[in-house]
Amino acid sequence: MNSRGSILIVDDELAMREACREALGSEGYALAEASSGGGALGLLARKAFDLVILDLKMPQTDGMQVLRSLQRESPGTATVVITGYASIDTAVEAMKLGAADFLPKPFTPEVLRLTVHRVLNGERIARENQLLRTQLEECRGRDYQLIGQSSVMRQIHELVQRVGPTDSTVLVTGESGTGKELVARAIHYNSARANAPFIKVNCAALPENLLESEIFGHEKGAFTGAVTRRPGRFELAHRGTLLLDEISEIPLGLQAKLLRVLQEREFERVGGTRPIKVDVRIVATTNRNLDEEIEAKRFREDLFFRLNVIPITLPPLRERGGDVPLLAQHFVERYSRENNRPPKAIAPDALEAMLHYSWPGNVREVQNVIERAIVLDVADEIRLEHLALRPVGHEADDADEIVDAVGRTVAEMERRLILKTLKAVGGNRGKTAELLQISVRTLRNKLNQYRAEGVFAEARVGAGSS
8 MNSRGSILIV
18 DDELAMREAC
28 REALGSEGYA
38 LAEASSGGGA
48 LGLLARKAFD
58 LVILDLKMPQ
68 TDGMQVLRSL
78 QRESPGTATV
88 VITGYASIDT
98 AVEAMKLGAA
108 DFLPKPFTPE
118 VLRLTVHRVL
128 NGERIARENQ
138 LLRTQLEECR
148 GRDYQLIGQS
158 SVMRQIHELV
168 QRVGPTDSTV
178 LVTGESGTGK
188 ELVARAIHYN
198 SARANAPFIK
208 VNCAALPENL
218 LESEIFGHEK
228 GAFTGAVTRR
238 PGRFELAHRG
248 TLLLDEISEI
258 PLGLQAKLLR
268 VLQEREFERV
278 GGTRPIKVDV
288 RIVATTNRNL
298 DEEIEAKRFR
308 EDLFFRLNVI
318 PITLPPLRER
328 GGDVPLLAQH
338 FVERYSRENN
348 RPPKAIAPDA
358 LEAMLHYSWP
368 GNVREVQNVI
378 ERAIVLDVAD
388 EIRLEHLALR
398 PVGHEADDAD
408 EIVDAVGRTV
418 AEMERRLILK
428 TLKAVGGNRG
438 KTAELLQISV
448 RTLRNKLNQY
458 RAEGVFAEAR
468 VGAGSS
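The opening residue of the sequence shown carries number 8 in the working numbering; numbering runs sequentially from there.
It is possible that some hints are incorrect.
List time: in silico PhoX-like cross-link candidates among lysine-lysine, alpha-carbon distance up to 25 Å [claimed, not checked]:
#1 Lys64 with Lys54
#2 Lys264 with Lys284
#3 Lys304 with Lys264
#4 Lys304 with Lys284
#5 Lys453 with Lys304
#6 Lys427 with Lys438
#7 Lys453 with Lys438
#8 Lys207 with Lys227
#9 Lys227 with Lys284
#10 Lys304 with Lys227
#11 Lys427 with Lys453
#12 Lys64 with Lys103
#13 Lys227 with Lys264
#14 Lys207 with Lys438
#15 Lys207 with Lys264
#16 Lys207 with Lys284
No wet-lab data here; the hints were simulated from the structure.
Please model the entire structure based on the sequences and the hints provided.
Right under this line is the structure:
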């Protein structure tokens, strides 16, 4: 809704409804009115409101009945009650029923405006705090254990234990699906900030024009649609940890602003002028080679140095194949528990195939394969046919494919590979980006480029037939 909030005014006196409407109409709220308690209940059954201004003394269905109904049916709706028959007993009863504030008649327009602003702002802060608490509890309830006993994973375990209690900035690199976010969360929950928020921003998933507002927040009126002030991820992560996921996808202009925050620990919201200081620990992740990105002038070297205080590189699963049985068993137990099914054993031929499979999707692919086997199959054990492992690497060795590539440009082969992969996964862009180890934003830009060049349909047919 393009407003500061939606308000329902409920009063049987027309003059009082008009006075409320005049006091609040210029404040940017979306206003609705009801002249009776019954009418209010009818509106509330059809539409959700952020705030109800409610007269307690009305014929038939009075304000107390409406208030009780609100607490049953819409406990998240704030209420300010008003009455000309003010008494301590009435106020106490209304507050016990959940009213946010109480105004005796008569009251001035300024008092009404201040009360509404205070209540709505308080409700917004309470919702944001509840969201953060919910996220924290969800994170604690999930298993963020780093699975693996290979030598390289033991080293990563030890590094997380040493780095976690510090406030040092950490840069986690590795292929898609290797568990970079898992490492970031493990660092957070091994730190003194474990009881504070862990906030994530996916730098690859947001359009460039929204990313700055998402990270730094914005002031009311900063741009079209900014109808209220909104805190960004840095503010929400205050005293906690901020995960900048796929940081290599941040545009250069925003990289400069991010560098300033890392240096000075302060920033301004979009459209703002007042510096906001924050106490935030930064963990960044990327599946790209940042040295190559710096060489190509797509990533600032000074920002890299600020981020790369503690580097952690996660190996692909093909380099730690001995961890596959541990991971498989972990996911069998997890998805059996989540789907209320008895754990299954993994047949020897299935386990042998998993040990020799290259796992291009890394740990995430193991997770998906096991979840699918648990959810879709009813056999007592997970067999080879239940895994549905994809053949990998054969196309690149095909002689006809190599011959077909001769004489073509790198850009053309890139286009054919992207579109062929897109077709193979049924048009799923997220899966295509994951398999090609590029970001969704990069994939989207490539497809837009192909359309602009007028070769999208042609390339698509060619990719499918080659």
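Hints, verified against the model:
{"no.": "1", "hint": "Lys64 with Lys54", "verdict": "holds, 23 Å"}
{"no.": "2", "hint": "Lys264 with Lys284", "verdict": "holds, 14 Å"}
{"no.": "3", "hint": "Lys304 with Lys264", "verdict": "holds, 17 Å"}
{"no.": "4", "hint": "Lys304 with Lys284", "verdict": "violated, 30 Å"}
{"no.": "5", "hint": "Lys453 with Lys304", "verdict": "holds, 19 Å"}
{"no.": "6", "hint": "Lys427 with Lys438", "verdict": "holds, 13 Å"}
{"no.": "7", "hint": "Lys453 with Lys438", "verdict": "holds, 15 Å"}
{"no.": "8", "hint": "Lys207 with Lys227", "verdict": "holds, 24 Å"}
{"no.": "9", "hint": "Lys227 with Lys284", "verdict": "holds, 20 Å"}
{"no.": "10", "hint": "Lys304 with Lys227", "verdict": "violated, 34 Å"}
{"no.": "11", "hint": "Lys427 with Lys453", "verdict": "holds, 13 Å"}
{"no.": "12", "hint": "Lys64 with Lys103", "verdict": "holds, 17 Å"}
{"no.": "13", "hint": "Lys227 with Lys264", "verdict": "holds, 20 Å"}
{"no.": "14", "hint": "Lys207 with Lys438", "verdict": "holds, 21 Å"}
{"no.": "15", "hint": "Lys207 with Lys264", "verdict": "holds, 18 Å"}
{"no.": "16", "hint": "Lys207 with Lys284", "verdict": "holds, 19 Å"}
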